[in-house]
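Colleague: All chains, please: the whole structure from these sequences, using the hints.
Chains as they are written, first to last, in this note's numbering: chain A, 34 to 490; chain B, 74 to 175.
Keep in mind that the hints were calculated from the coordinates and are not lab data.
Hints may be right or wrong, so weigh each one.
Said to hold, decoys possible - List of simulated lysine-lysine pairs, BS3-like, C-alpha gap at most 30 Å:
1. A:K362 with B:K100
2. B:K142 with A:K362
3. A:K176 with A:K68
4. B:K121 with A:K324
5. A:K386 with B:K117
6. A:K122 with B:K100
7. B:K117 with A:K286
8. A:K122 with B:K117
9. B:K150 with A:K141
10. B:K157 with A:K362
11. B:K142 with A:K141
12. A:K176 with A:K362
13. A:K324 with A:K309
14. A:K299 with A:K176
15. A:K386 with A:K175
16. A:K420 with A:K70
17. B:K150 with A:K122
18. A:K362 with B:K90
19. B:K99 with A:K122
20. B:K142 with B:K90
21. B:K150 with A:K88
22. A:K122 with B:K142
23. A:K309 with A:K175
24. A:K175 with B:K100
25. A:K259 with A:K488
26. A:K401 with B:K117
27. B:K79 with A:K481
28. A:K176 with B:K100
29. B:K157 with A:K416
30. A:K52 with A:K481
31. A:K286 with A:K416
32. B:K121 with A:K362
33. A:K416 with A:K70
34. A:K88 with A:K141
35. A:K324 with B:K100
36. A:K420 with A:K286
37. A:K299 with A:K481
38. A:K68 with A:K51
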Amino acid sequence: MNTIPFTIRETKEGLLAKKFSAVELVDEYLSRIEKNKDLNAFLTISDEVAYKKAKELESNLEDLPLLGTVVAHKDLFLTEGVRTTAASKVLESYVPAYSSTVVERMEKAGAIMIGKTNCDAWAHGASGENSDFSPTKNPWNKKHVPGGSSSGSAASVAAGLSLVATGTDTGGSIREPANFCGVVGFKPTYGAVSRYGVIAMSSSLDSIGSFGHTVEDVETIFNVVKGPDGFDSTVTNGQSLITNRKFRIGIPKEYFIDGLDREVEKSVLTASQVFKDNGIELVDISLPNTKYAIDVYYIVQPAEVSSNLGRYDGIRYGNGRDLFGAEAKRRIMLGTYVLSAGYYDAYYLKAQKVRSLLIQDFDNVFEKVDAIIAPVSPTPAFKLEEKAADPLQMYLADIFTVSANLVGIPGLAVPSGFNSENLPLGFQLMAPRFCESTLFELGKLYQKSVSYVPKLP
Amino acid sequence: MARLTKADVLHVARLAKLNLTDNEIKKFLPQLSSIVDYISELEKVDTKNIEPTSQTTGLTNVFRGDDIKLSSIDQNKALSGTDKTHNGYFKVPAILEGRSDK
Chain A
34 MNTIPFTIRE TKEGLLAKKF SAVELVDEYL SRIEKNKDLN AFLTISDEVA
84 YKKAKELESN LEDLPLLGTV VAHKDLFLTE GVRTTAASKV LESYVPAYSS
134 TVVERMEKAG AIMIGKTNCD AWAHGASGEN SDFSPTKNPW NKKHVPGGSS
184 SGSAASVAAG LSLVATGTDT GGSIREPANF CGVVGFKPTY GAVSRYGVIA
234 MSSSLDSIGS FGHTVEDVET IFNVVKGPDG FDSTVTNGQS LITNRKFRIG
284 IPKEYFIDGL DREVEKSVLT ASQVFKDNGI ELVDISLPNT KYAIDVYYIV
334 QPAEVSSNLG RYDGIRYGNG RDLFGAEAKR RIMLGTYVLS AGYYDAYYLK
384 AQKVRSLLIQ DFDNVFEKVD AIIAPVSPTP AFKLEEKAAD PLQMYLADIF
434 TVSANLVGIP GLAVPSGFNS ENLPLGFQLM APRFCESTLF ELGKLYQKSV
484 SYVPKLP
Chain B
74 MARLTKADVL HVARLAKLNL TDNEIKKFLP QLSSIVDYIS ELEKVDTKNI
124 EPTSQTTGLT NVFRGDDIKL SSIDQNKALS GTDKTHNGYF KVPAILEGRS
174 DK
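Modeller: Next up, the structure:
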């Protein structure tokens, strides 16, 4: 094969027209993974599973929604018979007895799993550096981080090591690495996609999404994986209330603050202009409680982390608690502290109340606009080790992404070019709960308007 | 706002069943203190008459029918995550000790 396809549609059409075979696709992606080993994007390569699936697809070529889509799963997704570590030494040799709903649904729809991607251990981090198996590098500049926690998934798609990848987004873990790596990253509404078989981080915030080169591709995946499976009682078939009026996009002033990189700011405003040129009205809005989002997030999230990581006792699976890395230990302790006797009201209950205020902010704004445009992170991809020694600085990298999780709304990170150092730039769109269709429509409109053509480093 | 003390860190580590080394305690104490300082900013927010939120899509108790599900993993699969088994059971560390007078 001379070039690899950039979209699910191209892949399908190529296979159905017999321009290339599924086995050739797997050959090509595996050789690209081998050539890009230094990125450390993968923890496990599932070549046998991939070839088996490719041959099965070829023996009975039919028009499946994800026919031949080569996917890399974040190593938080359980895969039956294939090691799943959460990038933690605690689960270093854990081989699950069943697969997560998302993995199973994608496989049934014709996707080929090529391997499991690196991430911050237990999905704790914004840079990928908290992996217990060494950090992933940014494919555009190996001295920089790819973002996190879904570091390997974003890097894999950006470098063409898989066509698409799955991820989890608890406070920005899909949108931020997508932004740092120059690919599309999609976080659905809380409860739109089943979390069954995905290692839990923070149960009132976790949402399950994906990476691709185009908005159309993450939409296709969403349509395959969404909806109840009977194993996650938070999943509902939410109905979006799309009125047929003209779209309005809000620009929240609290997201354009001191410390926002000039080139990042300019790229978001340029993207807004693209929407305006398409006849979409831009509205200045205010989300006054934005400044408290990080505080709320770093109370609610560690509290739920401390509870979810309580199950790792080294008895039924995995190793003992001594093998937790530094960040997991920090979050377990922080979470245990804010839940402990005498502090619960001051921290956890208070945070849940301020969370209600944040939700009110967004509900009010969505009376006036259909979507919000904002930067994803205050800066482009920062350097490896730049923030690793200071956990608080690392936490602040999540400042523009945590609100969508606390409020439970969907978000879409879209690439929009490169800065003067050739690092990716982009923006995010947020919409009301279960209004994924608004995000897809706007995202596709943007990519069409700028004649977006994905490229590899 | 009170910063954390070494006693706080040890207490919390015990609650969370984490064995920390002296070096870890030395490292975590200032880090956790600065994070707790930061999040204490929330004290300033007026939350009088505001209800707490723990579920964002408005679900309350979700029930399913009391039906028997036939798909389930078998005993071998349930034990496949560990090599510490005995006669089809998980082997766990002892939590009780023998009587000292026997």
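Colleague: Does each hint hold? Answer for all of them.
Modeller: Checked hints:
For the proposed pair A:K362 and B:K100, the alpha carbon gap of about 12 Å is at most 30 Å, so the pair holds. Proposed proximity of B:K142 and A:K362 is contradicted: the alpha carbons are some 37 Å apart, above 30 Å. Between A:K176 and A:K68, the direct Cα distance comes to roughly 18 Å. Compliance with the 30 Å bound is thereby established for this hinted pair. A C-alpha spacing of about 19 Å is found between B:K121 and A:K324, which places the hinted pair at or below 30 Å, so the restraint holds.
With a C-alpha separation of about 13 Å, the suggested pair A:K386 and B:K117 falls inside the 30 Å cut-off, and the hint holds. Taken as a hint, the A:K122 and B:K100 pair is honoured in the structure, with Cα atoms around 21 Å apart against an allowance of 30 Å. Of the pairs offered as hints, the one joining B:K117 and A:K286 holds, with about 21 Å between alpha carbons and a cut-off of 30 Å not exceeded. This hinted pair does not check out: A:K122 and B:K117 have alpha carbons roughly 40 Å apart, beyond 30 Å.
Note on B:K150 and A:K141: the hinted pairing holds, with a Cα-Cα distance of about 22 Å set against a maximum of 30 Å. In summary, the hint linking B:K157 to A:K362 is supported, as the alpha carbons are separated by about 25 Å, within the 30 Å threshold. For the hint pairing B:K142 with A:K141, the CA-to-CA distance comes to about 22 Å; that is within 30 Å, so the pair holds. This hinted pair checks out: A:K176 and A:K362 have alpha carbons roughly 27 Å apart, not beyond 30 Å.
For the proposed pair A:K324 and A:K309, the alpha carbon gap of about 28 Å is at most 30 Å, so the pair holds. For a cut-off of 30 Å, the pair hint linking A:K299 to A:K176 stands: about 24 Å separates their Cα positions. Of the supplied pair hints, the one linking A:K386 and A:K175 is violated, its CA atoms being roughly 42 Å apart against a limit of 30 Å. Restraint check for A:K420 and A:K70: the C-alpha separation of about 24 Å stays at or below 30 Å, so the hint holds.
Proposed proximity of B:K150 and A:K122 is supported: the alpha carbons are some 22 Å apart, at most 30 Å. Taking the CA atoms of A:K362 and B:K90, the gap is about 10 Å. The hint holds against a cut of 30 Å. Simply put, B:K99 and A:K122 have alpha-carbon atoms about 23 Å apart, close enough for the 30 Å limit, and the pair holds. A threshold of 30 Å between alpha carbons decides the hint, and for B:K142 with B:K90 the separation of about 35 Å lies outside it, so the pair is violated.
For the given pair, B:K150 sits about 27 Å from A:K88 by alpha-carbon distance, which is consistent with the 30 Å threshold. At most 30 Å may separate the alpha-carbon atoms for a hinted pair to count; A:K122 and B:K142 exceed this at roughly 34 Å. At roughly 36 Å between alpha-carbon atoms, A:K309 and A:K175 are farther apart than 30 Å, so this suggested pair is violated. Restraint check: the Cα-Cα separation between A:K175 and B:K100 comes to about 29 Å, which is no more than 30 Å; the hinted pair holds.
A distance of roughly 29 Å separates the Cα atoms of A:K259 and A:K488; the hinted pair therefore holds under the 30 Å criterion. With a C-alpha separation of about 29 Å, the suggested pair A:K401 and B:K117 falls inside the 30 Å cut-off, and the hint holds. Under the criterion of a C-alpha separation no larger than 30 Å, the hint pairing B:K79 with A:K481 is inconsistent with the structure, at around 57 Å. Proposed proximity of A:K176 and B:K100 is supported: the alpha carbons are some 26 Å apart, at most 30 Å.
Straight-line distance between C-alpha atoms of B:K157 and A:K416 comes to about 43 Å, which puts the hinted pair past the 30 Å bound. At most 30 Å may separate the alpha-carbon atoms for a hinted pair to count; A:K52 and A:K481 meet this at roughly 26 Å. This hinted pair checks out: A:K286 and A:K416 have alpha carbons roughly 28 Å apart, not beyond 30 Å. Under the criterion of a C-alpha separation no larger than 30 Å, the hint pairing B:K121 with A:K362 is inconsistent with the structure, at around 34 Å.
Restraint check: the Cα-Cα separation between A:K416 and A:K70 comes to about 20 Å, which is no more than 30 Å; the hinted pair holds. In summary, the hint linking A:K88 to A:K141 is supported, as the alpha carbons are separated by about 14 Å, within the 30 Å threshold. Annotation: proposed proximity of A:K324 to B:K100 holds, straight-line Cα distance about 28 Å (limit 30 Å). This hinted pair checks out: A:K420 and A:K286 have alpha carbons roughly 26 Å apart, not beyond 30 Å.
A hinted pair counts as satisfied when its Cα atoms are at most 30 Å apart, and A:K299 with A:K481 qualifies at roughly 20 Å. Annotation: proposed proximity of A:K68 to A:K51 holds, straight-line Cα distance about 26 Å (limit 30 Å).
Violation of the numbered hints given earlier is confined to hints 2, 8, 15, 20, 22, 23, 27, 29, 32; the remaining hints are satisfied by the structure.
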